[in-house]
Amino acid sequence: MLQDFSGKQTRRFTADIVGTIDGNSITLDETFLFDDGEKQKRVWVITQHDDGAYSGTAGDVVGVATGKVSGNVLHWVYQLRIPYDGDEITLTLDDWLYRQDENHMFNLTSMKKFGIEVGKLTLFFQKQPD
Numbered sequence: 001m002l003q004d005f006s007g008k009q010t011r012r013f014t015a016d017i018v019g020t021i022d023g024n025s026i027t028l029d030e031t032f033l034f035d036d037g038e039k040q041k042r043v044w045v046i047t048q049h050d051d052g053a054y055s056g057t058a059g060d061v062v063g064v065a066t067g068k069v070s071g072n073v074l075h076w077v078y079q080l081r082i083p084y085d086g087d088e089i090t091l092t093l094d095d096w097l098y099r100q101d102e103n104h105m106f107n108l109t110s111m112k113k114f115g116i117e118v119g120k121l122t123l124f125f126q127k128q129p130d
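With my numbering, the residue at position 16 of the sequence shown is 16, and numbering never jumps.
Treat the hints as calculated values from the structure; they're not laboratory data. Check the hints yourself; a few may be wrong.
[To be verified] No more than 20 Å apart at the CA atoms, straight line, and that leaves these computed lysine to aspartate or glutamate pairs for DMTMM-like:
#, residue 1, residue 2
1, Lys120, Asp36
2, Lys68, Glu102
3, Lys39, Asp22
4, Lys41, Glu30
5, Lys120, Asp4
6, Lys39, Asp87
7, Lys112, Asp95
8, Lys127, Glu30
9, Lys113, Asp95
10, Lys113, Asp60
11, Lys113, Glu88
12, Lys113, Asp85
13, Lys112, Asp60
14, Lys112, Asp4
15, Lys112, Asp87
16, Lys112, Asp130
17, Lys41, Asp29
18, Lys41, Glu88
19, Lys68, Asp85
20, Lys39, Asp29
21, Lys120, Asp94
22, Lys120, Glu88
23, Lys39, Glu102
24, Lys113, Asp4
25, Lys41, Asp16
26, Lys127, Asp4
27, Lys68, Asp94
28, Lys41, Asp87
29, Lys8, Asp60
30, Lys113, Asp130
31, Lys112, Asp85
32, Lys41, Asp101
33, Lys41, Asp95
34, Lys8, Asp50
My request is simple: use the sequences and hints to build the entire structure.
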């Protein structure tokens, strides 16, 4: 779900994410379907580095996303271009992904513009059987 700066839920969505691993590279093919019918697509290419850090790119990400794992938590930061009022704006996303077990993960994200939180994103992931 998406929430505005006051905590009011503004949108809901489902996501279908297909991941593939090739060596130290992970590709995530994401399809988002919002409750108002809008559909968005994002394909991440993420690299795991020897020091435990991650970096990634996607078509609507400005520059390179960076992340670091500590225990069961991935902290991931990047700038994302999003559609807004017939145009685009760039937000800084501060993602915290918490792996609960081998099949479940929570994602809490703060979305900021000019350093001020303008929204929050909350996701729950459940791995599907192969």
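Results of checking the hints against the structure:
Distance restraint check for Lys120 and Asp36: the Cα-Cα separation of roughly 18 Å lies within the 20 Å cut-off, and the hinted pair is therefore satisfied. Taking the CA atoms of Lys68 and Glu102, the gap is about 19 Å. The hint holds against a cut of 20 Å. The suggested pairing of Lys39 with Asp22 is violated, with an alpha-carbon distance near 27 Å, which exceeds 20 Å. Among the hinted pairs, Lys41 with Glu30 is consistent with the structure: their alpha-carbon atoms are about 6 Å apart, no more than 20 Å.
Distance restraint check for Lys120 and Asp4: the Cα-Cα separation of roughly 6 Å lies within the 20 Å cut-off, and the hinted pair is therefore satisfied. With a C-alpha separation of about 16 Å, the suggested pairing of Lys39 with Asp87 holds against the 20 Å cut-off. For the proposed pair Lys112 and Asp95, the alpha carbon gap of about 11 Å is at most 20 Å, so the pair holds. Straight-line distance between C-alpha atoms of Lys127 and Glu30 comes to about 14 Å, which keeps the hinted pair within the 20 Å bound.
With a CA separation close to 15 Å, the supplied pair Lys113 and Asp95 stays within the 20 Å bound. The suggested pairing of Lys113 with Asp60 holds, with an alpha-carbon distance near 16 Å, which does not exceed 20 Å. Proposed proximity of Lys113 and Glu88 is supported: the alpha carbons are some 13 Å apart, at most 20 Å. Taking the CA atoms of Lys113 and Asp85, the gap is near 15 Å; set against the 20 Å cutoff, the hint holds.
This hinted pair checks out: Lys112 and Asp60 have alpha carbons roughly 16 Å apart, not beyond 20 Å. In summary, the hint linking Lys112 to Asp4 is supported, as the alpha carbons are separated by about 11 Å, within the 20 Å threshold. Pair hint Lys112 plus Asp87 holds up; C-alpha atoms about 17 Å apart against a cutoff of 20 Å. Restraint check: the Cα-Cα separation between Lys112 and Asp130 comes to about 36 Å, which exceeds 20 Å; the hinted pair is violated.
The hinted pair formed by Lys41 and Asp29 meets the criterion: a straight-line CA distance of about 8 Å does not exceed 20 Å. For the hint pairing Lys41 with Glu88, the CA-to-CA distance comes to about 16 Å; that is within 20 Å, so the pair holds. For the hint pairing Lys68 with Asp85, the CA-to-CA distance comes to about 33 Å; that exceeds 20 Å, so the pair is violated. For the proposed pair Lys39 and Asp29, the alpha carbon gap of about 13 Å is at most 20 Å, so the pair holds.
A C-alpha spacing of about 10 Å is found between Lys120 and Asp94, which places the hinted pair at or below 20 Å, so the restraint holds. With a C-alpha separation of about 18 Å, the suggested pairing of Lys120 with Glu88 holds against the 20 Å cut-off. Restraint check for Lys39 and Glu102: not satisfied, since their Cα atoms lie roughly 28 Å apart, outside the 20 Å limit. At roughly 12 Å between alpha-carbon atoms, Lys113 and Asp4 fall within 20 Å of each other, so this suggested pair holds.
Restraint check for Lys41 and Asp16: the C-alpha separation of about 10 Å stays at or below 20 Å, so the hint holds. Annotation: proposed proximity of Lys127 to Asp4 is violated, straight-line Cα distance about 28 Å (limit 20 Å). Distance hint between Lys68 and Asp94 is fulfilled; the C-alpha atoms sit about 12 Å from each other, no more than 20 Å. About 17 Å separates the Cα atoms of Lys41 and Asp87, which keeps this hinted pair within 20 Å; it holds.
Restraint check: the Cα-Cα separation between Lys8 and Asp60 comes to about 25 Å, which exceeds 20 Å; the hinted pair is violated. Note on Lys113 and Asp130: the hinted pairing is violated, with a Cα-Cα distance of about 39 Å set against a maximum of 20 Å. Annotation: proposed proximity of Lys112 to Asp85 holds, straight-line Cα distance about 17 Å (limit 20 Å). A hinted pair counts as satisfied when its Cα atoms are at most 20 Å apart, and Lys41 with Asp101 does not qualify at roughly 27 Å.
Between Lys41 and Asp95 the alpha-carbon distance is near 18 Å, which keeps this suggested pair within the 20 Å criterion. For the given pair, Lys8 sits about 41 Å from Asp50 by alpha-carbon distance, which is inconsistent with the 20 Å threshold.
The structure shown violates the earlier hints numbered 3, 16, 19, 23, 26, 29, 30, 32, 34.
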